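Enquirer: Listed here are the chains, written in short residue letters.
Protein chains: 2
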Amino acid sequence: MNPPALDFWFDFASTYSYPAAARVQATAAEAGVQVKFRPFLLGPIFKAQGWDTSPFNLYPAKGRHMWRDLARICADMGLPFCQPDPFPQNSLLAARVALVGLNESWGDEFCVAVFRAQFGEGCSISEVGTMAALLAKLNVAAEPVLAAARSDATKARLRSQTEEAERRGLFGAPTFITADGELFWGNDRLEQALRWAKHAR
Amino acid sequence: MNPPALDFWFDFASTYSYPAAARVQATAAEAGVQVKFRPFLLGPIFKAQGWDTSPFNLYPAKGRHMWRDLARICADMGLPFCQPDPFPQNSLLAARVALVGLNESWGDEFCVAVFRAQFGEGCSISEVGTMAALLAKLNVAAEPVLAAARSDATKARLRSQTEEAERRGLFGAPTFITADGELFWGNDRLEQALRWAKHAR
Numbered sequence: 002m003n004p005p006a007l008d009f010w011f012d013f014a015s016t017y018s019y020p021a022a023a024r025v026q027a028t029a030a031e032a033g034v035q036v037k038f039r040p041f042l043l044g045p046i047f048k049a050q051g052w053d054t055s056p057f058n059l060y061p062a063k064g065r066h067m068w069r070d071l072a073r074i075c076a077d078m079g080l081p082f083c084q085p086d087p088f089p090q091n092s093l094l095a096a097r098v099a100l101v102g103l104n105e106s107w108g109d110e111f112c113v114a115v116f117r118a119q120f121g122e123g124c125s126i127s128e129v130g131t132m133a134a135l136l137a138k139l140n141v142a143a144e145p146v147l148a149a150a151r152s153d154a155t156k157a158r159l160r161s162q163t164e165e166a167e168r169r170g171l172f173g174a175p176t177f178i179t180a181d182g183e184l185f186w187g188n189d190r191l192e193q194a195l196r197w198a199k200h201a202r
Numbered sequence: 002m003n004p005p006a007l008d009f010w011f012d013f014a015s016t017y018s019y020p021a022a023a024r025v026q027a028t029a030a031e032a033g034v035q036v037k038f039r040p041f042l043l044g045p046i047f048k049a050q051g052w053d054t055s056p057f058n059l060y061p062a063k064g065r066h067m068w069r070d071l072a073r074i075c076a077d078m079g080l081p082f083c084q085p086d087p088f089p090q091n092s093l094l095a096a097r098v099a100l101v102g103l104n105e106s107w108g109d110e111f112c113v114a115v116f117r118a119q120f121g122e123g124c125s126i127s128e129v130g131t132m133a134a135l136l137a138k139l140n141v142a143a144e145p146v147l148a149a150a151r152s153d154a155t156k157a158r159l160r161s162q163t164e165e166a167e168r169r170g171l172f173g174a175p176t177f178i179t180a181d182g183e184l185f186w187g188n189d190r191l192e193q194a195l196r197w198a199k200h201a202r
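Keeping their order, the protein sequence lines are chains A and B. Quick note on the numbering used here: the first sequence kicks off at 2 and runs consecutively. Quick note on the numbering used here: the second sequence kicks off at 2 and runs consecutively.
Rather than coming from a laboratory, the hints here were simulated on the basis of the structure. Fair warning: this is a prediction, and the values are worked out from it, not measured in the lab. Virtual Cβ for every residue (Gly too), placed ideally from N, Cα, C. Mixed in with the good hints there might be a few duds.
These stretches of chain A come out as covered by chain B in the derived footprint (C-beta under 8 Å, 3 or more residues) [to be verified]:
1) 62-70
2) 100-112
3) 189-195
Quick list of in silico lysine-lysine cross-link-like pairs, DSSO-like style, CA-CA up to 27 Å [unchecked claim]:
4) Lys63(A) with Lys138(B)
5) Lys156(B) with Lys138(B)
6) Lys199(A) with Lys63(B)
7) Lys199(A) with Lys48(B)
Given only the sequences and the hints, what does the whole structure look like? Please build it.
Expert: Below is the structure:
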C-alpha cells in the first residue's frame, strides 16, 4: 500500500507559500504523508477574477496585514524575512526551472531555495542569474537546465499544470489537495490537510 | 495591574466569526486574557473596496472553499453547522441589540447565541422575532431592549464603532486587536493574538 499523499500547489510569488514550503516536507514526513510539489501560475487565475495584480496590492488594508502577519509567522519559525521589491515578482522562469527539477532529483530542494532567496534574502527570482546561482548551490549545471526550462515542452507543462489548478478550483496559494480531491487553502491549513490525507487513501 | 486585554471585532454575518465567537471566551480565559466583544458592520468597509456583497459571493471558487472549510472546522469543534440562506444575512438589527446588551450583563452570551442561531440552526437574524426569542432564552425582556436598539443613541454607537474599525485598518472579520494596536485577522489567528496580548500590557 502506498503512503498517503498530498499535493502542495504554489506560485513562487505567493507570500504564504514561503512558510508553507519551508515546513511542508518535515511536517508531512512526521505525519507519514508523501508530498508532491506542484508549481503553477496564479496570474491567469487572478486575471479570470478581474485582478491584474496581487489582491494584496489591490486591497491595501489587507496587504498591510499580510506583510505584518507574514513577518510574525517567519519570526515564530526562525525564518529570515524581507519584503520583495517589486511585489509580486514574476514567477514564470522559476516555475519552469522547477518543473525541470521536479522531473529530476533536485526539484523540491530547488523550490524551497527559490522561496528563501526571494522572501528571506531579497533576491529577484525573475532573473536568470538568480536561477543559475541557486542551481550552482545544488550542484546542478545551469546551462542545460535553463535550456530545458525554455523549451516548448516545459512551457506546455506549466500551462497544463496551471489549467489543472484552475479546473480543480484553486483560487490562491498555497493550496493542499488530498488524493480524494479535498482542497485546503492556506499555510495554516497544512495540519488539517495532513490529517485528511491520512484517512483519504 | 489589569489582566491583558484583547478586542474581538466581528460582524454577525461573518462566517469565520462563528467558530471564533464559540471559542474565544474559553480560549482567552485559559490564556488569562480579558476579551471585549466589539460588533461592527463590514458592509461599509466592503463598499469602500468596491464590493456590494460578500467576497465569498463575488469570488465563487473562494466561496466554495470557505463553506467546505467552515463545515470542517465546525465538525472538528463539535459545532452544529448549516449554510445561511440568504447569505450574507443583514446583521444591522443584531449588532444594535448586541450593543445594548454589551452595556448590560448579557452582551457576550447574546453574541454567541446569535452566531449559533444563524450558522448552527438556520435562523434569520434580520428578524425581530429571532432577536426576541434569543433574548427570551437569556431571560431578558425583549420590548425595552428592542426599543433601545432602535434609538438614535444606539444607531450612533454602531456607526462610530464601524468608523473606528475602519480607522484601525480592519478589512474583514473576525479581527483581534491587542492593547498596543497589533491586528490579527481570522479565527485561525486567535492563539497568536492571545500570545501577543500577554506581552503587550
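Enquirer: All hints, please: hold or fail.
Expert: Cross-check of the supplied hints:
Note: the stretch 62-70 of chain A has 6 residues with beta-carbon separation from chain B under 8 Å; the three-residue rule is met and the coverage holds. Given a C-beta distance limit of less than 8 Å, the hint that chain B covers the stretch 100-112 of chain A is violated, as 0 residues qualify and 3 are needed. With 3 residues bearing a CB less than 8 Å from a CB of chain B, the stretch 189-195 of chain A meets the requirement of three and the coverage assertion stands. The straight-line distance between the Cα atoms of lysine 63(A) and lysine 138(B) is roughly 38 Å, outside the 27 Å bound, and the hint therefore fails.
The hinted pair formed by lysine 156(B) and lysine 138(B) meets the criterion: a straight-line CA distance of about 25 Å does not exceed 27 Å. Among the hinted pairs, lysine 199(A) with lysine 63(B) is consistent with the structure: their alpha-carbon atoms are about 25 Å apart, no more than 27 Å. Between lysine 199(A) and lysine 48(B) the alpha-carbon distance is near 42 Å, which puts this suggested pair outside the 27 Å criterion.
Hints 2, 4, 7 from the list above are not met by this structure, while the remaining hints are.
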